[in-house]
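Trainee: Read top to bottom, the protein sequences are chains A and B.
Read in full-length UniProt numbering, the first sequence has 505 at position 505, and its numbers run on one by one without any break.
Read in full-length UniProt numbering, the second sequence has 173 at position 173, and its numbers run on one by one without any break.
It is possible that part of the hints are untrue.
[Claimed, not checked] If we take Cβ atoms under 7 Å as the criterion, some of the chain B residues that face chain A in the derived model are:
#, residue
1, 1
2, 2
3, 4
4, 6
5, 186
6, 187
7, 189
8, 257
9, 259
10, 270
[What the hints assert, rightly or not] Here chain B is said to cover these stretches of chain A; the calculated rule only asks that three of the stretch's residues, wherever they fall, bring their Cβ under 8 Å from a Cβ of chain B:
#, segment
11, 114-121
12, 276-283
13, 489-503
14, 748-762
Read the hints as simulated data drawn from the structure, not as lab findings.
Ideal placement from N, C-alpha and C gives every residue a C-beta, glycine not left out.
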Amino acid sequence: MTTRSIGHSVQRREDPRLVTGNGRYLDDLGRDALAAAFVRSPHAHATITGIDITDAWEVDGVEAIYTFEDLDELMARPLPVLIPHPALTHPRTCLALADTEVNHVGEPVVMVVARDRYVAEDAAARIVVSYETKPVVVGVAAAREAALAVHDDVPDNVAAHLIQEVGDVDAALACSPHRLTIPLTIERSACMPMEGKGVYAVWDRDDASMRMWSSTQTSTGVRAAVAARLGIPLARIQCMAPDVGGGFGVKINHPWPEELLVPWAARALGRPVKWAEDRREHFVSSAHERQQLQEVEVGFDDDGRILALDVKVWHDNGAYTPYGIIVPIITATQLLGPYKPGTYRCEFWSLYTNTVIVTPYRGAGRPQGVFAMERTMDAIAAFLGKDRTEVRSTNFILPQDMPYDHGLMFQDGRPLKYDSGDFPASLAKLKALVGWDDFAAYREQAEAEGRKVGLGIGCYVEGTGVGPYEGGHVHVETSGQVFVATGLTSQGQGHETAFAQIVADELGVRFEDVHVTTGDTRRMPYAVGTFASRAAVMSGNAVAAAAKVVREKALRIAADALEANPDDLEIEDGVISVKGAPDTQISLSTVAVLSNPLRYAFDDAAKAATQFAGTFDPDKPPVAEGDEPGLEGKGFYSPTQATFANGMHAAIVETDPVTAEIRILRYCVVHDCGVMINPLIVEGQVHGGVAQGVGGALYERMAYDESGQLLNASFMDFLVPYASEVPFIETDHLETPSPLNPLGIKGAGEAGTIPVSAVLASAIEDAEGFPILSMPISPSELWELRRQRASAAAHSATTEGDR
Amino acid sequence: MIPSSFEYVAPTSVEDALAALAEAGDEGKVLAGGQSLLPVLRMRLNAPEKVIDLGRVEGLRGIREDGDTIVIGAMTTHDEVANSELVKEHAALLAKATAEVADPQIRHRGTLGGAIVHADPAGDLGAPVLALDAEMVIAGPGGERTVAAKDFFTDLFETAVGDGELLTAIRIPKHTGWGAHYEKFVRVAHQWSIVGVAATVKADGGTISEAKIGLTNMGSTPLRAASVEAALAGKSASDVADACSSAADGTNPPSDLNGDADYRRHLATVLTSRAVAAAAAG
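Whole structure, please, built from the sequences with the hints as guidance.
Mentor: The following block contains the structure:
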């Protein structure tokens, strides 16, 4: 009996390759390609008054220097607004190369193509761009104030303004027994994949066709965008994502200027061209996320039940909006988490600043929304003197409420309707895991030792697996080996393993015999991309559907060969046999031979399919009408709506009473992503997500000065947590299968990151005894908060004394 | 992040290195372990015409005893210093501070001389060298001279090593039997010190007879906490907090992303107290 592969912690088959240096990343390709380098704006806001490239041409090995004026009509257009939205009334995108104005430090102005990167950078350093600087808008507060404009034709820096309301919030607020107002701040951070972006393009002049590789989360998207701007038919361009050293969202935005310029230059020069982003470029010319100012007004009753929730969000979208307003929409909708407030309104403004653009970063607006909701829950509990989990429980959506429709529109333009989840059960598991009810005793003991400890909690719901669709292609070769392709890309998630597990189970073959290719438009030209924790849900179900098609065809051919009824057949380990009569069998490889009638025998096995072998009925066409040769099949998965995963985290922190250092003593996760294809991979995703969340909560911040210069644009100054800073993570799982897809799975990619800032703020607040309203937080800032509290307390004591 | 082009020379003797340096004049830059210079070159913050690599110069690497002094060649790596039995026995403070520098990869490439001459105020090795009253041996066209550590660090990234000169060795008076501790405050393990305190004490029967304390990143150069040193003399090793409360006196710490100056002053007193207590204990 074949053991089912789904549900088992199969070791990731890509890891030996990746951890032994045998990965094939973008910069491993195209050794002899010409190299591109870019002159980028040193100013946050300026008019370009002149570009002098004369000196650069003196450098031996320069092949081309391009400015905006060199671009043809298609290439000179602003980059596309990828996700238009009616509320995005003032979308702005950059040009591939800046023409008259730059709007953030790092915006590309001149492209140099040369023999190698050394020459290209030497030449770029000799190019003189003259600027007249303009006043800059840095930070969301300045954007909101709107004393200065980023784009002259965008009033008040507002790219988008959107209000969603369910119920009469004002009326509910007015009659709420208790009301609180909470101002909150979240700072900028960024994905920071180990591998930056990169593009390599080879133009075949004779064939008038392009092959290109990009370190992207969507090769189909890049292909379509490049085809449009270069005026190439899709049939003449293929795009591949090689091994990608992390994406975390930043590589879903496309086309980046470089993604258009590199293939454009390759065609113009008739030579392969490559560009691999360096770390400094990644800091100033990729994308950031997270910065928001929020104002929450909440009305609630004596039990802590929320009667009205009124949230205002000012979202920093940076200099341009190529990815639309997906991030603030997610904040506004996913803020609700596992709760059902009586009425809800969220109003957001998406605002321009003279800083790097904002596109989704793992969590994509959810960490901010969860921060708002969970800080509110803690504030209610503090106000009422109730246990924080009790207030949460009071507001939970219950299992019997599922499916639960919030009455809002989600980021995919579909209703925000939860499909599954058992929040009380998840909370019970979390409380048991962290020892919630025993914490008071632990704190007492710690206090006796002169230590300050705190316990924090955060809950979230994550819409995963958004559409529109993904596809799978499964091909059984005559060797019996199974080749699977899906169009979305991999950035280290373990797709080669997880999708092979699914196909092995669906088809009835050994896991070892299944080989997966992702992100190659030659193998699967229809795809969307890897984002929104969607790969397992979307491509997982798509390859399962494709495998079913192949299975049916295999059974049909085998039934003919074995003179049996297809319904009486089963497939195990690549062998088709009659149930109960295992000796009557035929291998899948033989079926693959028979599936493709041949004139020529290219090997021994193929002889069985040739015209004189007597295999086929001479009275019928070798390929029946409506049938196709080959043992292969395609399948697509296109759900009506997203599926909603959820989780709850708790942490115990210790804050040093003297230095204000913050140490995470325990970090506990209860996670529900429905059926787990591979628990090992899910755990890895959760661990990586928490690590990234810890970075966002305690270390990472994009520090812009008032002139729009990024002060910490290197790993010397931008702190990311290493293994030495990431806590041991304790996990437990709850599996509530999604009813929306055949495999019952929900996404897991972003989960770990989402609530970490909320959880750690909750724990630090619990340790310190005063509200934590801004994240990230450093020891220096915590110390300063303590000092302010102490000084305010001293002041108020003095005032009292004066009375 | 690629350096602009430069000429690379790898002399094999101090004389040849000095000659190469003299020839290059203002356009020359000395490469030791490269842990600071290479990032600077790659970010094109500096574009020297000639890089003079000391990696193959004879006699600049190694640790030896010279009477009452330990002599450490300028090109000795952090890893060698941190693990040297001689250093651990006679200049434990330097061994302990060096073990806290960055991460293992950097400690295997970076050198004591390189770090000292780079004179980054957030670097960990200026403070212990200063506290240990080391002497810097500087070779130049006119021969060799020696500069006391207290006169060596002149400003932010500036030292007494003049144009055309090389630091060849660091001479440290033996502090045999002194307790030592380097208290480094960072947010992530591999980071530069936000504040660091290098303390070494001589204690007899629980009483501190002499203490030497160097501060990292509390000003534009490494500093000695002289008033604390004076206050500690004769104090019980178990009660040092009061004596350490003046650690920040006379300092001028920076305000940056990791903390403002007030916080650093606060840390300096706390960390000094911790460092002295730990040093006295072992």
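Trainee: Can we keep the residue 189 of chain B interface hint, with Cβ of chain A closer than 7 Å?
Mentor: 4 Å, holds
Trainee: Count the residues of the segment 114-121 of chain A whose CB lies closer than 8 Å to any CB of chain B, then report whether that count reaches three.
Mentor: Result for this restraint: holds, n = 3.
Trainee: Answer holds if the nearest beta-carbon of chain A is closer than 7 Å to that of residue 187 of chain B; otherwise answer violated.
Mentor: 6 Å, holds
Trainee: If you look at each residue in the segment 276-283 of chain A, do at least three have a Cβ nearer than 8 Å to any Cβ of chain B?
Mentor: holds (count 3)
Trainee: Close enough to count: is the Cβ of residue 270 of chain B nearer than 7 Å to one in chain A?
Mentor: 5 Å, holds
Trainee: Can you verify the interface hint for residue 1 of chain B: is its Cβ closer than 7 Å to any Cβ in chain A?
Mentor: Given a least distance of 4 Å, the restraint on residue 1 of chain B holds.
Trainee: Interface hint check: residue 186 of chain B, Cβ to nearest Cβ on chain A, cutoff 7 Å. Holds or violated?
Mentor: Not OK, violated: residue 186 of chain B not within 7 Å of chain A, min 9 Å.
Trainee: For the restraint on residue 2 of chain B, tell me whether the closest CB of chain A is nearer than 7 Å.
Mentor: 5 Å, holds
Trainee: Take the segment 748-762 of chain A, compare each residue's beta carbon with every beta carbon of chain B, and decide whether three or more fall closer than 8 Å.
Mentor: n = 0 at 8 Å, threshold three: violated.
Trainee: Min Cβ distance, residue 257 of chain B to chain A: is it shorter than 7 Å?
Mentor: It holds, given that the least Cβ distance between residue 257 of chain B and chain A is near 5 Å, below 7 Å.
Trainee: Quick check: the segment 489-503 of chain A, covered by chain B? Criterion 3+ residues, Cβ under 8 Å.
Mentor: violated (count 0)
Trainee: Should the interface hint for residue 259 of chain B be scored as holding, given a Cβ-Cβ cut-off of 7 Å against chain A?
Mentor: 4 Å, holds
Of the numbered hints stated above, those contradicted by the structure are hints 4, 5, 13, 14, listed in ascending order.
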